[in-house]
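Protein chains in written order, with the working numbering: chain Y, 1 to 112; chain U, 1 to 113.
No lab work stands behind these hints: they were computed from the structure.
Keep in mind that a hint or two might mislead.
Stated by the list, open to error - For the chain Y half of the interface with chain U, some residues (derived, Cβ under 10 Å), not all of them: (1) Leu-41; (2) Gly-42; (3) Arg-44.
Note that the structure is predicted; figures quoted are calculated from it, not measured.
Using N, Cα and C, we set each Cβ at its ideal position, and we do this for glycine too.
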Amino acid sequence: DVKVTQSSRYLVKRTGEKVFLECVQDMDHENMFWYRQDPGLGLRLIYFSYDVKMKEKGDIPEGYSVSREKKERFSLILESASTNQTSMYLCASNEGTYNEQFFGPGTRLTVL
Amino acid sequence: GNSVTQMEGPVTLSEEAFLTINCTYTATGYPSLFWYVQYPGEGLQLLLKATKADDKGSNKGFEATYRKETTSFHLEKGSVQVSDSAVYFCALRGGQAGTALIFGKGTTLSVSS
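Pulled out of the complex, with its shape left as it was, chain Y reads as follows:
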């Protein structure tokens, strides 16, 4: 089975801290995605990557950056965390253009 893992289920950080969210997939997928999930807003795409060292902005990239140094790992970085970045963050991966996305369990981030 495809497995997408995220480094933390719950994370509490302070305003202004630099925050790293890690995602690892074990199926050699070329595409990886970061979404944020908020009540009443559904899932919104932050960034995605279709290859190592390649990245594309999604719908809400402001305040975030990403890193993909290895094919299996895709990191989301909050350069200076703010309270409005308190949210659930979901990572996903897939192969090719038409295949389903597989999601990790999510990281619930609270910024105080």
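Position chain U against the provided structure of chain Y, taking the given hints into account.
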């Protein structure tokens, strides 16, 4: 641009009731359509999909038919169970984000025994 609109929740049903969750979309071209489910404390799982008009996706007793004429992909189940309690997301693939999915806001289903 592309978008997905789902019915507002929460939806509260008794066990064995009939379920419909409405989903309509706006898209250029011929998008693929998906229903994902999120059980409490978990990530999203693909429930079913349809890739072209008139296709019917089905899984675990759930069904949805891709209706291009009404731009809809409504989710149905004939008899819900308590274990179906979850959040359901309609999604399409396409638009500027390439292979990324565009999601609706989600509909929370609560089934009581």
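Now for the hints, and whether the structure bears them out:
The interface hint given for Leu-41 (chain Y) holds, since its Cβ lies 6 Å from the closest Cβ of chain U, which is under the 10 Å cut-off. With its C-beta approaching chain U no nearer than about 4 Å, Gly-42 (chain Y) sits inside the 10 Å limit, and its interface hint holds. Contact between Arg-44 (chain Y) and chain U, as hinted, is supported at the beta carbon level, the nearest pair being about 8 Å apart and thus within 10 Å.
The earlier numbered hints are all upheld by this structure, with none contradicted.
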